[in-house]
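Build the full structure now, drawing on both the sequences and the hints.
So the chains spell out like this:
2 protein chains.
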Amino acid sequence: MAERFEIVEKALLAMLEEKKYSTLRDILVTMNPSDVAGLFDGLEEKQIPLLFRLLPKELAAETFVEMDSAAQELLIRGFSDNELKEVLDELYVDDAADLVEEMPANVVKRILKHADPEMRSSINQILRYPDNSAGSIMTTEYVSLRPHMTVEEAILRIRRQGIDKETIYTCYVIEKDRTLTGLVTVKDLLLAEDDEAPIEDIMLRNLIYVTTQTDQEEVARMFSKYNFLALPVVDGENRMVGIVTFDDAMDVMEEEATEDIELMGGMMPSEKPYLKSTPIDLFKNRIPWLLMLMVSATFTGLIITSFEDALAAQVALTAFIPMLMDTGGNSGSQSSVTVIRALSLDELKFRDLGLVLWKELRTAVLCGGVLAAACFGKIWLVDKMLLGNASITLGVSAVVCLTLWITVIVAKSVGCMLPMAAKAVKLDPAVMASPFVTTIVDALSLLVYFMFAKILLHL
Amino acid sequence: MAERFEIVEKALLAMLEEKKYSTLRDILVTMNPSDVAGLFDGLEEKQIPLLFRLLPKELAAETFVEMDSAAQELLIRGFSDNELKEVLDELYVDDAADLVEEMPANVVKRILKHADPEMRSSINQILRYPDNSAGSIMTTEYVSLRPHMTVEEAILRIRRQGIDKETIYTCYVIEKDRTLTGLVTVKDLLLAEDDEAPIEDIMLRNLIYVTTQTDQEEVARMFSKYNFLALPVVDGENRMVGIVTFDDAMDVMEEEATEDIELMGGMMPSEKPYLKSTPIDLFKNRIPWLLMLMVSATFTGLIITSFEDALAAQVALTAFIPMLMDTGGNSGSQSSVTVIRALSLDELKFRDLGLVLWKELRTAVLCGGVLAAACFGKIWLVDKMLLGNASITLGVSAVVCLTLWITVIVAKSVGCMLPMAAKAVKLDPAVMASPFVTTIVDALSLLVYFMFAKILLHL
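Residue numbers (the working numbering), protein chains in the order written: chain R, 1 to 459; chain C, 1 to 459.
In short, the hints are calculated from the structure, not lab data.
Computed from a predicted structure; not experimentally measured.
Don't take each hint at face value.
Each pair may be met inside one copy or between any two copies, as identical chains are not told apart.
Said to hold, decoys possible - EDC-like mimics (lysine to aspartate or glutamate), calculated; alpha carbons at most 16 Å apart, straight line:
id : residue 1 : residue 2
1  : K378      : E6
2  : K276      : D346
3  : K225      : E62
4  : K225      : E259
5  : K349      : E6
6  : K423      : D346
7  : K225      : D247
8  : K85       : E58
9  : K57       : E9
10 : K10       : D41
11 : K113      : D89
12 : K423      : D247
So this is what it looks like as structure tokens:
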């Protein structure tokens, strides 16, 4: 499917080159706006307005929403006042607010000047809410009904108002003072047996809603839990101010997963897609963590320095340091990653800490035991017998394998507790993933290693 | 919101204890099925059927779908034939197919025996499709229209058929031989100006669809790209066989992100939520990777062993091994995690390899340079002047800092190339994340370290 699509894209771009505009336009109108927007990625700057002007009004606006912000800015700068107004009139309010957020100040000024007054005030309202809140991702356009309307009147109202609402399928029933009291779906209305029944008789009263301040991550989780098409957003006085639709929730889910993954990989989260990020962008997101982790890794160095004599006496011990560090790091990151994801999906709460620790401890005893046994076998079979390493003694292998076992247990305990602790102090648990855990576990495992070496090898 | 909800849960469970069944029932009917299902998590086994039997028929079925499979199995085993039939009759086909997939054989037999013949054949059809294909997550219940119907007839048909369809908002237009030719939304129908217009005049003809064999990850990506409520699924002959709805796509998105994260953390993906996994489950998912990585980490040990003499001559070198390994590992995992996520979101393709490598190289030169400079400063200020470590020489610090720089460059190149290579050979790129990259980078960084030590320190 994807490859077939690339062939179509190439053919369309060729038509643009060859100025076959009317054929091109005939094909464009049959395409999905997302796909049309994709075409613009392959264009040179001066071709962008050319292709855009081929699109009929409605498709143009829908395509505009799906384009990346660089192309949007380029287009707006080239638009006549009239063209700008035409595109703005077709936008949904939440898309317009997104646009305003991403454009530089002088472009924003032009946009607000040409938006109609109602949209301008809605944009301003949405932009006042904190980033990542329900208020900032909602749209103020929805179908509202009144409790005393009949089913027939409600359907008539939807027919009259629906044309420029993002969804008509869930309608909200509000009182005169805009208090939210119920909802009906178009399915309820269409399947209602009595056209004359008042809405208040068929509406769902026990509503699930969010407030303008609810975190967008929480909003996305409610969508995936309840499978709603839209979720109403109310203010502090339970007055309806907007709705969040499922497609925005999907975007949030994707964004939040990406953010978690970036944090887990030891980077500052970025909203730019990879191919649009410059090396400087990437550098800025990555260097703070690398520096911090490098500095903390020097503690491990200090531990080694303070045991230099022990290492000099038993050179074989040095060779096992990387294996112990890596296995500890991997064991710890397994636990931290699992716990972070479970916290993100709301499967875990801080009060489960005891349960989690107990589960991880038992898992660690199992994993550590098997690893230690495998390691013991490997040391004797490979290092001793196959490679004939004379410095391997029973004592050395016992120190290595015992350390391995204890390291895995320590690593998994640290790995599961750090994200839970982060959650408790309202930090993002994803920060406590492999890079961070590895650094701590490295130091701990070396301490255990040298402790065992001192005791068992009398160094 | 979440905490308030826990208080409600406790109050409801107390009512159950105190046998206030009719009050309890009155409250339950106002609740969302997902929340009712959540109540069952807090119950003892013998209370589960008790609470379930309080629910009215439709809510019972909706709640049943949201419960975890252990509770479902318990209920089915306790159901009379009649109760089982009642629940099954209310289920959507895709939920019934999910149920059948998760139950043990004898329960499945009972389910299939009591499902009506039409549902039985639909379940069997869905179960025939490969795991993770569009066919396996679709439902066969959707509203189908014919091209010659009028808008009015179409609305009538929806009113007649809609009651047990998962979505009525997107209707599919099919020919006599079930070939898919178009779609209309309820919005189109409600906003149509002429009730007598034939469907073929208002339907969208250029459809985006998937086949029964399309991978579910691809399906989820199409939802997040196009913002559809539902996506039609056709067979090899373009005959309509079912639809995938947005809520299933959301579940897939969440599942796939979890799977990626688990793989990145060096674990086999698991479908069980964390709190339901036993330590044995966790052990089984984690030990293969740990063993494999432990064994490959021994190569690093071999490298150290073969440079034992160099280390004995310059003991200060050993202390920097953990820092070099960790920084290399972190740099590499930053790149691999970024590339893996971009591949998952379809932002990158294999043909972008050159571009990615060039971007990562420049980023690595920047990151490595800053790290090396910081490291040089730290060695002289802290190790030499503050701690008075006499074994630090200009030569040693030059070896460490040069190695650091090269390691970061090597780590980022390896980190970005491995996932791309995995993609090219149709492996899951997420396998090539931190644990794997770290192991490779460790070995490479030690080789670089000892090479510089040999050259610059003449060891």
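How the hints compare with the structure:
When the C-alpha separation of K378 and E6 is checked against a cutoff of 16 Å, the pair qualifies neither within a copy, at 51 Å, nor between copies, at 51 Å. Proximity of K276 to D346 under the C-alpha cut-off of 16 Å is restricted to the inter-copy arrangement: shortest distance 14 Å between copies versus 32 Å within a copy. For a Cα distance limit of 16 Å, the shortest separation of K225 from E62 across copies, 13 Å, qualifies, whereas the shortest one inside one copy, 29 Å, does not. With identical chains, the CA atoms of K225 and E259 are never at most 16 Å apart, being 21 Å at best within one copy and 19 Å at best between copies.
Taking CA atoms no more than 16 Å apart as the test, K349 paired with E6 passes between copies only; the shortest distance there is 12 Å, against 45 Å inside one copy. In this assembly of identical chains, the alpha carbons of K423 and D346 lie at most 16 Å apart only when taken from the same copy (11 Å versus 31 Å across copies). Taking CA atoms no more than 16 Å apart as the test, K225 paired with D247 passes in both settings, with 15 Å inside one copy and 9 Å between copies. Taking the closest pair of Cα atoms, K85 and E58 come within 16 Å of each other only inside a single copy of the chain (13 Å); across copies the shortest separation is 49 Å, beyond that limit.
Taking CA atoms no more than 16 Å apart as the test, K57 paired with E9 passes in neither setting, with 21 Å inside one copy and 52 Å between copies. When the C-alpha separation of K10 and D41 is checked against a cutoff of 16 Å, the pair qualifies only within one copy, where the shortest distance is 12 Å, while the shortest distance between copies is 54 Å. With identical chains, the CA atoms of K113 and D89 are at most 16 Å apart within one copy only, with a shortest distance of 12 Å there and 57 Å across copies. Neither within a single protomer nor between protomers do K423 and D247 lie at most 16 Å apart by alpha-carbon distance, with minima of 28 Å and 28 Å respectively.
Hint check: violations occur at hints 1, 4, 9 and 12; the rest are consistent with the structure.
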